[in-house]
Structures are given as structure tokens and as C-alpha cells.
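The residues making up each chain are set out below.
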Amino acid sequence: MIRFDNVSKTYPKQNRPALDNVSLEIEKGEFVFLVGSSGSGKSTFLRLCLREERPSTGEVHVLGKDLGKLSNWKVPHMRRQLGTVFQDFRLLPNKTVAQNVAFALEVIGKPKSAIGKVVPEVLDLVGLGGKEDRMPGELSGGEQQRVAIARAFVNRPMLLIADEPTGNLDPQNSVGIMKLLDRINRTGTTVLMATHDQAIVDQMRKRVIELDKGLLVRDQARGVYGYQH
Amino acid sequence: MRAQFVLSEIGVGLRRNLTMTIAVVVSVALSLALAGASLLVRDQVNSMKGYWYDKVEVSIYFCTKADARNSPQCDKGAATDQQIADIKTQLDKMDSVVQTSTFENSTEAYKHWKEMNPDNPLISVLGPDAIPQSWRVKLKDPTKYDVIQSAFAGKPGVKSVEDQRKILENLFGLLNGLQTAAFVIMVLMLFVALLLIVNTVRVSAFSRRRETGIMRLVGASNFYVQMPFIAEAAFSALLGAVMASGLLLGGHFFVQNWLAERVQFIHFIGLSSVLAVIPLLVVVGMGMAGIAAFFTLRKYLKV
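As you go down the protein sequences, you meet chains A and B in turn.
Per our numbering, numbering of the first sequence is gapless, rising by one per residue and ending at 229.
Per our numbering, numbering of the second sequence is gapless, rising by one per residue and ending at 1303.
Next up, chain A with everything else stripped away, as it sits in the complex (with noise of 0.2 Å):
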């Protein structure tokens, strides 16, 4: 699903790389927690993924295509193969509830009908069946992270890429996304959380990378936060 095969990131007028020499694999349908204190080099790891960085030396291949050689005008059709989450939502504020997870699909072309069907689907997978015409602005942050979730998953992909997911909720709430990233993880689909939610991590047990200074020091099945950071 993703590998790094001596994957090196260094940006203009920076000394030290952010992210140096790392390799590792994640089969499809892990659930994976990316940890590490901020400049650790956990953003520039997702945005390899992303492709809105390509790699300074080695390769970074996600979903089965080497990103360093994918030329600009495949990314679009890239990035429909995942779904990506973050810290800030990411919601278009006049837009409603299903405005918001209809906008993605009008935008990749998809046809009004299917649209019409899918979306209240996975608005009830996330739980926020008959919140459908509220304004994102009426709804909690873990509510509004699970339109952005939504909006992620709508067109089922292989792979979800979170960006501190639970950074802006209240403990409750990272829990309700939680169980919901876990959700949808059992329906197969790979998912790549970046956190610093120590509680979180103890309490899935998953498998745990660690980045420290660019360097991938730890990765562990069944693991925890770890050191105190």
C-alpha cells in the first residue's frame, strides 16, 4: 500500500533533511499511528504520500505507483484512490452538511444521481444521519471532523491518511473518531494516522512508527506512544 525505500526529503535552504534515509512498508489494510514530537518529520512523510512533495533521493510508491515518476496531471487521479483527513477539518463553512460531502464528488465529475445516493449513505456509516442540511458551524468538532471523515471515505478508498485527527477534540470526542477510523479500517481500507494523542495510541494497540529528527527510530507492532516527549 505504501513503501519507502531510502526515502530522503530536504528542503531548499535547510541543513538538516527532514526526513533522512527512511524505509519501511505498510500492507493494505493496517492501521498504522505515525508519531513523533513536532519537526520530527511527520508532515513531510504524509505529504510524500500525498504527493505534494516528491522525495530528494530514494522512492516513495502508495498504491502501487512510484510517486517520484508520476507526472503532474496523474496526481489528480491519484489522490481519488485516498482519502485524507485533518487536524482542521477542512469544511467549506456556507456549504451544508451534505453540500460539503457532495462538493468532492461534483468536483471529480461524478453524475448528480450517484451523488445522491452515496452521500446520505456514508453521512449514516459516520453517524450523522438527519444532520444532513446543517451548517458546519452548528455542528461540535468531533461532529465536524466526521463530516471531513465522511467526505474522505465517500468514494471507498484504499487508503486514509489522517493528520492528527483528534488534535482539535475534546477526549470523548477523539474517542468517537477513533472508534470510527477503526470502523472503517476493519472494511479494509489502510489507514495512516499521524497523532500525539498519547491515550489513543496506548489504548489501539496498533502498530506504531516513530520519527525523530528525520530518522525512523522505532516501528512496532501492537505498540505504544512510548517515551515521554
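Each hint should be verified, as a subset may be incorrect.
[Unchecked claim] Derived DSBU-like pairs: lysine-lysine, alpha-carbon spacing no greater than 35 Å straight-line:
| no. | chain 1 | residue 1 | chain 2 | residue 2 |
| --- | --- | --- | --- | --- |
| 1 | A | Lys13 | A | Lys131 |
| 2 | A | Lys95 | B | Lys1055 |
| 3 | B | Lys1299 | A | Lys74 |
| 4 | B | Lys1159 | B | Lys1065 |
| 5 | B | Lys1055 | B | Lys1076 |
| 6 | A | Lys213 | B | Lys1299 |
| 7 | B | Lys1159 | A | Lys110 |
| 8 | B | Lys1302 | A | Lys95 |
| 9 | A | Lys117 | B | Lys1302 |
| 10 | B | Lys1065 | B | Lys1144 |
| 11 | B | Lys1076 | B | Lys1144 |
| 12 | A | Lys213 | A | Lys65 |
| 13 | B | Lys1302 | A | Lys74 |
| 14 | B | Lys1302 | A | Lys112 |
| 15 | A | Lys65 | B | Lys1302 |
| 16 | B | Lys1140 | B | Lys1065 |
| 17 | B | Lys1299 | A | Lys69 |
| 18 | B | Lys1302 | A | Lys13 |
[Stated by the list, open to error] Covered by chain A, per the in silico footprint, the following chain B stretches (three or more residues, Cβ under 8 Å):
| no. | stretch |
| --- | --- |
| 19 | 1228 to 1236 |
| 20 | 1280 to 1290 |
Keep in mind that the hints were calculated from the coordinates and are not lab data.
Note that the structure is a prediction, hence the values are computed from the model and not measured.
The beta-carbon is built from N, C-alpha and C at its ideal position, and this holds for glycine as well.
Chain A is already provided as a structure; the job is to place chain B on it using the hints.
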């Protein structure tokens, strides 16, 4: 791509940026109107050239009695019939250049001159003797005036060789100058219009960065992400082109109804020429705006 989605995006974008949109529309309108005007002036000059050059002649004037006193080349007095006949013989030999040549004697010339200057106080003083006789030479190619000039200037009895084209060329020079001026202003206005379009697209891309960010995230094609911006710029340019066409048509009706009545010796180009320019303005305006928007987006809307 669903048309309704794109159209609503364009509407929202244009309204959000109303002042900038107006600035773009007006500057595009002015630059396109000047471009059209400059094209039409060129058409006008060409049509006038075709019309007048058919009619212009080269005149070989002969010395009159009076010229003996004030023109050195006429110091032997009025031209003799023999000299006039010699010139004719020579003209007939130049049939590669000369189409026809007709003789105008003093009496005829005097009559023409009186007709064209009925109020001239000299009429009572001057007689036919004061007006030179001439060969009126019509050339196959009106630009070959030099051949006649070099062949006949300074011949015995010849006072001067004059090309009527020179008079017209002053007028054409003026019109060409106007055309150049319109063109220069058009280039400057076009530059302003381009900068405005670039800035409008930039502002528009910035104010919609949330939408475009999500679009990129969920894998909308570049075409889909960029299309609303390009369509917006092209639509503003279309409005500008429509305004420019209105200005040109207004100018045309002014010329047709007002100027044509007062300036009758010029044959003005018709409505069809104006209508022929309009599609060109629309295509150029929209194409230019679309391309400008496209290259702006390459900078401000990274994949």
C-alpha cells in the same frame, strides 16, 4: 464537467470581486475598441488607396509665356507645339508604364480652374495664357511615378512634372499616424488589462483557496480546479468585447450619419467591415484573458 456547477462558480466569483471585474471589463473594452479602431482605419486607408489611386494622374506641365520671367527652366519662353509633340512621342514609347495620356490645352485647363475656384479674385486678371498646358498621364502602376519624373523633368519646354499622389499621401500619412497612435495606446491599454486580469485571478484564487485546497485534496483534475477562474476571466473579457463592439458600432454610426454628410469626397467603409472586426475582438479578448488566467494560476494554484 457539469455546466451548472461551473456557471454558479463563475457567478459567485465575479460578484465577490465586483470592483475588480468592472476594472477588467472597462480596460478590456477600451483596449479592444482601440484595436478594432486601428484595424478599421487600416481598412479605410486601403479602401481609399484603391479608390483614389485609380484616379490619380501624373501631369507634365509646359512652360507658359509668363513663366519665362520667373522659372529658369522656361527662359526660352512658352513651349512650342514641336516640344509638346516630342514629349507625346516619347510617352507613347513608354507603353510598359503608361496606360493613357491625354492633352489638356490652356483653354480647357482655364475652364477647369475656373470651375474649381469660382470665387478666386484672380479670375478677372488671369487669362487662359497664364494656365499651363499639360499631358495628363495615367500610369499602369501609380507608384511608378519616378520613371516619368526622371524621363521628362528638365526637357525643353517642360516646366514641371507633378504627381497627384503626393497630395493624397499627406492624407494617408495622417491616417497612418492616427492608426499608429491608436495601436500604441491599444498596446498600453492591453498591458494594463493584462495586469488587471492577472491581479483579479490572483485575488480570486486567494479568496477561494479553501475550495481549491479541498478540490486538490479529493483529486479534482487541474482542468476542473482551474476552469472556473479561466472562465471568469474569459467572461469578463467577453463583456469587455461586447462593450468594445458597442463603441465601434457607435463610432460607425457617427461617421455614417454625421461625418459622411460633411466630408463627401471620402468614401467611408461600411457596416460590414465593422461587423467583420467584432468576432476578431471577441476571440482575441477572451483568448488573451484565458491565457493570462491560465499562466497566473500556474503560479498561484500549485498542484
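Here is what the structure says about each hint:
1. Lys13/A <-> Lys131/A: violated, 47 Å
2. Lys95/A <-> Lys1055/B: violated, 73 Å
3. Lys1299/B <-> Lys74/A: The given pair, whose Cα atoms are some 19 Å apart, holds under the 35 Å limit.
4. Lys1159/B <-> Lys1065/B: holds, 11 Å
5. Lys1055/B <-> Lys1076/B: holds, 33 Å
6. Lys213/A <-> Lys1299/B: holds, 31 Å
7. Lys1159/B <-> Lys110/A: Status violated; Cα separation ~87 Å.
8. Lys1302/B <-> Lys95/A: holds, 24 Å
9. Lys117/A <-> Lys1302/B: holds, 32 Å
10. Lys1065/B <-> Lys1144/B: Cα-Cα ~31 Å, so holds.
11. Lys1076/B <-> Lys1144/B: With Cα atoms ~30 Å apart, Lys1076/B and Lys1144/B stay inside 35 Å; holds.
12. Lys213/A <-> Lys65/A: Given that 35 Å is the threshold and the Cα spacing comes to 27 Å, the pair holds.
13. Lys1302/B <-> Lys74/A: Holds, at about 14 Å.
14. Lys1302/B <-> Lys112/A: holds, 28 Å
15. Lys65/A <-> Lys1302/B: Holds, because 21 Å separates the two Cα atoms, which is no more than 35 Å.
16. Lys1140/B <-> Lys1065/B: Holds, because 33 Å separates the two Cα atoms, which is no more than 35 Å.
17. Lys1299/B <-> Lys69/A: holds, 22 Å
18. Lys1302/B <-> Lys13/A: holds, 20 Å
19. 1228 to 1236: With 0 residues close enough to chain A, the hint is violated.
20. 1280 to 1290: Violated, because only 0 residues of the stretch 1280 to 1290 of chain B bring their Cβ atoms closer than 8 Å to Cβ atoms of chain A.
Against the hints set out earlier in the document, violations occur for numbers 1, 2, 7, 19 and 20.
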